[in-house]
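Chains as they are written, first to last, in this note's numbering: chain A, 3 to 456; chain B, 0 to 349; chain C, 20 to 238; chain D, 56 to 248; chain E, 53 to 260.
One or more hints might be untrue.
Claimed, not checked - List time: in silico DSS-like cross-link candidates among lysine-lysine, alpha-carbon distance up to 25 Å:
#1 A/Lys406 x B/Lys229
#2 A/Lys454 x A/Lys406
#3 D/Lys93 x A/Lys406
#4 B/Lys200 x A/Lys377
#5 A/Lys445 x B/Lys20
#6 B/Lys200 x C/Lys177
#7 A/Lys210 x A/Lys240
#8 D/Lys122 x C/Lys62
#9 A/Lys28 x B/Lys7
#10 B/Lys229 x A/Lys377
#11 A/Lys210 x A/Lys308
#12 B/Lys20 x A/Lys308
#13 A/Lys377 x B/Lys7
#14 A/Lys406 x D/Lys91
#15 E/Lys177 x E/Lys70
Claimed, not checked - Derived CB-CB ranges, DEER-like:
#16 A/Ile314 x B/Ala237: 48 to 54 Å
#17 D/Leu155 x B/Phe162: 54 to 60 Å
#18 E/Leu213 x B/Trp248: 48 to 54 Å
#19 A/Gln408 x D/Leu155: 30 to 36 Å
#20 E/Leu181 x B/Arg64: 51 to 57 Å
#21 A/Gln65 x B/Arg336: 53 to 59 Å
In case anyone wonders, no lab produced these hints; they're calculated from the structure.
No residue lacks a Cβ here, since even glycine has one placed at the ideal position from N, Cα and C.
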Amino acid sequence: MHLSAFNLSQFFGGTFSHGIHPAENKHFTEAKPIERLPFPAQLVLPLSMHAGKPSVPLVRKGQEVVRGEPIARADGFVSVPLHAPATGVISDIRLMPSARGPRVMSLILDVYPGDPQEVLYGAPVELDALSPKEIVQAVQDTGLVGLGGAAFPTHVKLTVPEGCSIDTVLINGCECEPFLTTDHRLMVEQAADLVKGTRILMRVLGAKRAVIGTETNKMDAVAAIQNVLLPNDTVSVKAVPTKYPQGAEKMLAKALVGREIPSGTFPSAVGLGVFNVATTTQMGQLMPMQRGVIERVVTVTGPGVKRPGNYIVPIGTPIRWLLNRCGFDGPAGHLIMGGPMMGGTVSSLDTPITKGCGGLLVLTEHQLTSEEQMKRYPCISCGACVDACPMHLNPCELGRLAYKGQYEPMAERYHLNDCFECGSCSYVCPAAIPLVQYFRIAKSSNREKVAKAS
Amino acid sequence: MSDPVHLKTSPHLRGAHSVDKIMRHVVYALMPICLFSIVQFGLSALVLILTCTAVCVGTEHFACRLNGRPTTVGDWSAAITGVLLGLILPPSFPLWMAAVASVVSIGIGKLFFGGLGFNVFNPALVGRAFAQAAFTVPITTWTPAMAHARFKEFIPSTFTFPFAAPPDLRPWMERLQIDGFTGATPLALMKFDYVDTESAKLFVGTVAGSAGETSSMLILLCGLYLAYRKMLNWKIVASVLASAAVFSWIFWVKDPSVYPTPLFTLTSGGLMIGAVFMATDMVSSPVTPLGVVIYGSIIGVVTVMIRLFGGLNEGVMYAILLANAATPLINNLTQPRIYGAVRRKKEVKA
Amino acid sequence: MSDIAQDAMELPPQPSPFRLVGTLGGIAVLSGLLVVMTYQWTKPAIERNQREALERAVFSVLPGAVRSEPVEMTGQTVFAGFDEADRRIGFALESEARGYQDLVRILYGFDPDRQKIIGMTVLQSTETPGLGDKIIRDPAFHANFEALDVSREVEVVKSGAKTEAWQIDGISGATVSSQAVGQAIRRGAELRERVLAFYRGDQTNRTDQTNLTERGGQP
Amino acid sequence: MNPGSFSAIFLDAFLINNFVLALFLGICPFLGVSGKVKTAGNMGMAVTFVMLVSSLCAFGLNHLLVKFELEFLRLICFIAVIASAVQLVEMAIKRFSPTLFRALGIFLPLITTNCAILGLALFQTAREYSFVQCLAFSLGAGAGFSLALLLMAGLREKLELADLPGLARGAALSLILAGMLSLAFMGFAGLGG
Amino acid sequence: MSAPEKMNLQTFTQGLWKENPVFVMMLGLCPVLAVTNTAMNALAMGLATTFVLICSGFLVSLLRKVIPKQVRIASYIIIIATFVTMADYLIQAISLEVYQALGAFIQLIVVNCIILGRAEAYASKNGPLKAVVNATGMGLGFTFALLCLGVVREVLGGGTLFGMQVMPDRFQPWSIFVLPPGGFFVLAFWLMLFAAFEERKQKKGVTA
Ligand SMILES: Cc1cc2nc3c(=O)[nH]c(=O)nc-3n(C[C@H](O)[C@H](O)[C@H](O)COP(=O)(O)O)c2cc1C
Ligand SMILES: Cc1cc2nc3c(=O)[nH]c(=O)nc-3n(C[C@H](O)[C@H](O)[C@H](O)COP(=O)(O)O)c2cc1C
Ligand SMILES: Cc1cc2nc3c(=O)[nH]c(=O)nc-3n(C[C@H](O)[C@H](O)[C@H](O)COP(=O)(O)O)c2cc1C
Ligand SMILES: Cc1cc2nc3c(=O)[nH]c(=O)nc-3n(C[C@H](O)[C@H](O)[C@H](O)CO)c2cc1C
Ligand code: SF4
Ligand code: SF4
Ligand code: SF4
Ligand code: SF4
Ligand code: FES
């Protein structure tokens, strides 16, 4: 329902309409404090672990690097540098498996065992003295990308397009995916850094206020943040109803400030900037010292691991190593990088943890609701997907068109390109139709057609 | 530790419902109604429901086999069609005609269009509408509820020889000393003789009518269970009942001596079973939130229109079939406004 | 037919327009000739057919009639039927009412002496074959009209429930159609009054049967 | 409802004795132009319009024919006059409202002499309708035709995405759908009686 | 269509089966559905249409050299309307009952595109004899189709054929077949039957 004048969404418990309520399953890790693990023997650092152009290596094979040292530079504006997550030696530069599937060029870093691993790089900067433009450059130098999953370079989002002005910064602490608790623990344990980062973002964007949004299942986080806020602060914290995908920026904008981000535009079109909690916390930690992103918190969870928890690990840690530490010894399980709703399965256990990876989820065989086990039926027009889609699309019709390979009308008449692949529709579909999969195929087919035409 | 073998795309979780589970629960929810029907009309109702179910399931099974495809009876939808069809036929309906209606239901109503999910009309109603047009007299021949010999003998027309006309029931009723039974349902009494039936009787269902349509209370309860389990769209039920009530209320207020009360409208005839179990057939109803309400309202209004002003005394079946026919148009016209759509239009203009 | 129709209308005048008009005119004349010929040729047969059909209907509702004569009652024609002895048996009256599907038009024989209906036939109906169309030829239903009392309002009752002379036993399963016949008969009450008035007036100064023809009949 | 009233005649032609579904008039365009909802909508408008024009023409013409006792030329005159009248109106629309012409355009000549149009003229003459009754009859018939066409088009569009068995492809599908619609429309029988 | 010069059997049989106006070309469906509730009506309608087909085909063929191209359709329509009017009167003269059963559909023969189509595509390009033979074939093909429907509908819907009872006494008629939906269903049934038949024939042809 769209009635911005009244902002009806406020009446309905202050959230977006539609969406789903999958079992949260956060109990595995939500109470586990963030724990630092020892360094693995070897790190794998893909040059393209962010959206945009891959970084360009600054090091040669065999070169020694010190923890925190830049080892690859940004290649243009939509790109970020890469910093050494540990002290050691670059033993190789070669193609390695990546989370997204294809093998990508990666730096292999052999960690010096027994090294104190102190971060020596970086110097304090007086942020207030910098112009916004200089700050954007400073942000790029930290190598920050969206840690919420998209890994989109943060400094690009800080460059407000011409004609837009940002009045409100939204900090996304919803973590609506089942199982994951990274952002939750960060908010509880590092609330001060989070608020610091928020203030930096506000200053860069010239925003008058900021709202940290989280869900009602994380009230301890709300309390922790409130603790570090000033009276009458321009930063506030708000818990919105627990519902998937509350964390999608469009839904969050609707829930927190009642604004709808127009189709095909960015939050800046309605005066918003949306950043993930992990991104913002690192911003608060790294910016004052001008350091780079070298580690992140990862939730390793699911019934398939013995010691689930929230671990802080260097970027580049191979999954195999991490899973070993957490007590995963089973036969080939069901391993998902990210949450169960949007994350992807990984093809190789040699895939490393990248900046965008907030969680590793291991399901056991019997929880595996795989397509082979779940009998697929023709669409029975039950409309469950229509009632679930947070974008108010019509996945039923989209699915029927996709089934017949009619991809163009999907985009022309049924707004295929507004689908952000949250998976709510597939989740509820009693006929077990792989809707999201259909939509991905349709989108890429359409893209190819456009590319061919031009 | 070997590499994971399951490569698939998100989402990796699934909700609790599946098509066969939903269908199975609908069959469960129909069981109390079947039971009541048997209590009320006896052996004939029992064999009627069994025949319809068996023939429906059998038709689907053999048609699949004939086409060299795996059988689809496992999704339970053919069973629903069969049970429902049995419930909406008169208890005295000859079994051979019920079998014909069942074959038409599944054959023309469902498989002809490609089977589950593709049928545009409600299969059970296709079967009944066919039977109503083909066997007009038998399908409007009613027998009294709670006849005392109902568990000892069948209604004589039940076992009519295939392709033969059913026998006259009057001698049988005379023998059973069912006096004063006019062979009329509450609706017919209302329409032709302006005789009202007690609402309590209608609610509980001890009146003449189709085998399973009489107890509006029981049907409503079973529907509530399904709605609670989220296996049926309560909005359709609500809009059918609300629109029927409002529309008949308008006329009742105008002239209470001729027009029935809204309560009578809701509890009499097949409106309740139609609204709860047949209008809600997902395949032949719209999917959009607004479309569902429009669809339900069409059913409610057309039903009352036919009942009050048409040549027939009951119109639920035709109303649902018409609304089924309008479903694609309703879907087209009520596409949800997508998130972020209106403003963009404004922007484009500006 | 689209371009066909268009062609027909647009007639670009390439050959001499006179030729076009001439051809069309010629064909029109030919066609007119053919039609008029057929019309003239079939006219007697058609009229005979129509008369016979009408007579059959009139005779069927006035048992025993062998001759009929039209009588003009203000705005409506009724038919008087005469038996072999040329005694007037009664009048055949038309009426209609809405049935299950469409209008039901009936013709019924009215005996003014006894104020009874003595026969009925359906002139036109589109009632359901096998159901509503029983009103056309179901003997049990037609038995209702062998002596139906119309001195008071006629009533249609459930099949088998007839107890009074002014009641009609309906056809089971076709209540609507049966009601339509009853309704049509009720609607005829006013016409019957007029026939009655005419009949009484006729009787008072009755000299011979031809009187009737002179007054209202048409050849 | 009085059987001769405007609303009764309209309702009769619209729902009860629907031209396509109960009287079998205009089956060819019904089966031919019901593939897409949009086309069906335009076709419905065009048919309604042509029905209105030809009904009024036929009404006037019949008066003349009766006056000069030329009833035996009725058929020939009807068909000629209706075809020309529609042609004239088409030219007028083309001239004055190009948008309307684009919507109705291609359909107008297609339907000038189909049996629904001529049937309308013949029925209204046989039933001796007055001017106002003709108006109700033609509008009702047009609306009924449009409704049937739209429903049919919606169903056929939806079924394009179905796994139809081989037997159901082509004309048989349309005919079964038409039969089902006709069956559903039987519910309106006797409405308003 | 380039008219074959020689007349052969095909001239006649073409319309009966291979180019059957109803089952193959799907033309003139309104009368096919509307007047086939009894076999008698179907036969009468078929013969009336055949009559008009033959007569108009003959006349059009005779006049084919005289009528200028520009007015040919107008001329054909007048010719057809003439014969339809004649048929109308003739049927009235023969049997009022049949006339009433067929209703307005006799006059609607005018707009039956089979007739105009034949006049345009065949009669205007061939000699009178061939035109008549071809029209007879077409007309009989049309009559055959009408009878296919009429027989099924009357037997199942009423238990009679040409008004005579053919089913046992206790047979329950299926009234749907004489009602409008039945018309659609029976035509669909015949189409599917012929389609299945053709398919089987083609398959055989392929394997052979
Ligand atoms: C060319 C381009 C420009 C962008 N500009 C902005 C921006 O101005 N503001 C913003 O908040 N995000 C911007 N984004 C990032 C997206 O809004 C979004 O955060 C990112 O695609 C991931 O979103 P998700 O995690 O919700 O899928 C931009 C992305 C691209 C590709
Ligand atoms: C379906 C969906 C769910 C999302 N859920 C969350 C979430 O729970 N938390 C979050 O921070 N970002 C979530 N995102 C990503 C946000 O839309 C947005 O990209 C992010 O908050 C931007 O912050 P970042 O650039 O700092 O990552 C979600 C995106 C989608 C499409
Ligand atoms: C296809 C069909 C055709 C019908 N035709 C007629 C009919 O011709 N005449 C009629 O009175 N009722 C007709 N009806 C109406 C029903 O038979 C209706 O229930 C009946 O009129 C009620 O009468 P009853 O109380 O005697 O059963 C028809 C119903 C259907 C479904
Ligand atoms: C709530 C609900 C109602 C249903 N109602 C019907 C019904 O009225 N008639 C029917 O044939 N099938 C019904 N079905 C079963 C199923 O949807 C139907 O067989 C499909 O239409 C076949 O494609 C119903 C199923 C559900 C879940
Ligand atoms: S990354 Fe996943 S869990 Fe985290 S906020 Fe986004 S969608 Fe929710
Ligand atoms: S995946 Fe796309 S279509 Fe499905 S619910 Fe999410 S946004 Fe809607
Ligand atoms: S949830 Fe699945 S079955 Fe239901 S309408 Fe959507 S796609 Fe069809
Ligand atoms: S002329 Fe037009 S309406 Fe008539 S049959 Fe041919 S295509 Fe159909
Ligand atoms: S529209 Fe073709 S015969 Fe009626």
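Problem set entry | List of violated hint numbers, smallest to largest | 1, 4, 5, 11 and 12
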